[in-house]
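J.: Whenever a hint applies, use it, and build me the whole structure from the sequences.
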Amino acid sequence: LGHGSCGTVYRAEHTVSGLAMAVKVIAMGISQDEQAQIRSELQILHRCQSPVIIDYYGVFFAEDKIHICTEFMDGGSLDRYGQLPEPVLGVIVFQVLQGLEYLASIKIMHRDLKPQNILLNTQGQVKICDFGVSRQLERSVTATFVGTNAYMAPERVLNQPYDARSDVWSLGISTFELACGRSAWKANAINFPLQVIQCIVHEPPPRLDPAQHSAEVCDFVERYVLLFITFRACLQLTGC
Numbered sequence: 001l002g003h004g005s006c007g008t009v010y011r012a013e014h015t016v017s018g019l020a021m022a023v024k025v026i027a028m029g030i031s032q033d034e035q036a037q038i039r040s041e042l043q044i045l046h047r048c049q050s051p052v053i054i055d056y057y058g059v060f061f062a063e064d065k066i067h068i069c070t071e072f073m074d075g076g077s078l079d080r081y082g083q084l085p086e087p088v089l090g091v092i093v094f095q096v097l098q099g100l101e102y103l104a105s106i107k108i109m110h111r112d113l114k115p116q117n118i119l120l121n122t123q124g125q126v127k128i129c130d131f132g133v134s135r136q137l138e139r140s141v142t143a144t145f146v147g148t149n150a151y152m153a154p155e156r157v158l159n160q161p162y163d164a165r166s167d168v169w170s171l172g173i174s175t176f177e178l179a180c181g182r183s184a185w186k187a188n189a190i191n192f193p194l195q196v197i198q199c200i201v202h203e204p205p206p207r208l209d210p211a212q213h214s215a216e217v218c219d220f221v222e223r224y225v226l227l228f229i230t231f232r233a234c235l236q237l238t239g240c
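Here the working numbering is used: the first residue of the sequence shown is 1, the next is one more, and so on.
Incorrect hints may have been included.
[What the hints assert, rightly or not] With a Cα cut of at most 20 Å, we get these calculated EDC-like pairs of lysine to aspartate or glutamate:
no.: 1; residue 1: Lys107; residue 2: Glu155
no.: 2; residue 1: Lys186; residue 2: Asp163
no.: 3; residue 1: Lys107; residue 2: Asp55
no.: 4; residue 1: Lys186; residue 2: Glu203
no.: 5; residue 1: Lys65; residue 2: Glu13
no.: 6; residue 1: Lys65; residue 2: Asp33
no.: 7; residue 1: Lys186; residue 2: Asp209
no.: 8; residue 1: Lys186; residue 2: Asp79
no.: 9; residue 1: Lys107; residue 2: Asp163
[To be verified] So the derived label-pair ranges between C-beta atoms look like this:
no.: 10; residue 1: Arg207; residue 2: Thr15; range: 50 to 58 Å
no.: 11; residue 1: Ser214; residue 2: Asp74; range: 29 to 37 Å
no.: 12; residue 1: Glu63; residue 2: Thr15; range: 41 to 49 Å
no.: 13; residue 1: Ile106; residue 2: Pro161; range: 14 to 22 Å
no.: 14; residue 1: Gly2; residue 2: Gln49; range: 43 to 51 Å
no.: 15; residue 1: Asp79; residue 2: Thr230; range: 24 to 32 Å
no.: 16; residue 1: Ser31; residue 2: Gly58; range: 17 to 25 Å
To be clear, the hints were calculated from the coordinates, so they are not data collected in a lab. Ideal Cβ placement from N, Cα and C applies to all residues, glycine included.
T.: Right, here's the structure in full:
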């Protein structure tokens, strides 16, 4: 289904039930204690009960690899669709907001929200996946943030305290990209990750062109992508 810097995702089928699932396989040389920690974190994710959160079926270790089993979404991830019409984008963003509200209500922050971690299916459902687990595993292997920097909030780049409003920033950046079909930053996140960090911290936050986008979408991005976390929009149900 896909391949990234931290692993490969396969479509699999449960031999007893016939249930289709996605299995992320990550090759790692980690200790028993680290394996136990990953299991514990995935168990927390497994208790999430929301129609906008991907279902986690379980995790197992085999042949020095971790296998993370989740719900299969046949529409794939948002990053493959490029620019989206505003009515479609609005429906998707609304569902993602519902997912973030739910996570915040049970004291969980996503920490790695981006179009690649927002999945669709052919029934029109939208689901959030990869709650920072892949990034944590990737760091243990490569000690880098390559490819994810572009969506990270300034306070996280600067190693400052953060809360649910950091996920709000990531959703705002994702909305910008999906609205106009291009990166929010001048620098390329894959080839020039350090330059992207400089852009996030030192450049004015990206804004949509009001001549090409509706006032509602422009206002949404402006409220969600504010440099200082104290001025950024909160999740309505939790107040951040």
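J.: Indicate, hint by hint, whether the structure satisfies it.
T.: So, going through the hints one by one against the coordinates:
1. Lys107 <-> Glu155: Status holds; Cα separation ~19 Å.
2. Lys186 <-> Asp163: The hint is violated at about 27 Å.
3. Lys107 <-> Asp55: 18 Å, holds
4. Lys186 <-> Glu203: 10 Å, holds
5. Lys65 <-> Glu13: Distance of about 19 Å is within 20 Å: holds.
6. Lys65 <-> Asp33: 15 Å, holds
7. Lys186 <-> Asp209: Between Lys186 and Asp209 the Cα gap is close to 16 Å, so the pair holds against 20 Å.
8. Lys186 <-> Asp79: 18 Å, holds
9. Lys107 <-> Asp163: Roughly 10 Å between the alpha carbons, so the hint for Lys107 and Asp163 holds.
10. Arg207 <-> Thr15: 50 to 58 Å: Given about 51 Å between the Cβ atoms, the range holds.
11. Ser214 <-> Asp74: 29 to 37 Å: Between Ser214 and Asp74, where Cβ atoms are some 30 Å apart, the hint holds.
12. Glu63 <-> Thr15: 41 to 49 Å: 18 Å, violated
13. Ile106 <-> Pro161: 14 to 22 Å: 20 Å, holds
14. Gly2 <-> Gln49: 43 to 51 Å: 26 Å, violated
15. Asp79 <-> Thr230: 24 to 32 Å: 30 Å, holds
16. Ser31 <-> Gly58: 17 to 25 Å: 21 Å, holds
Hint check: violations occur at hints 2, 12 and 14; the rest are consistent with the structure.
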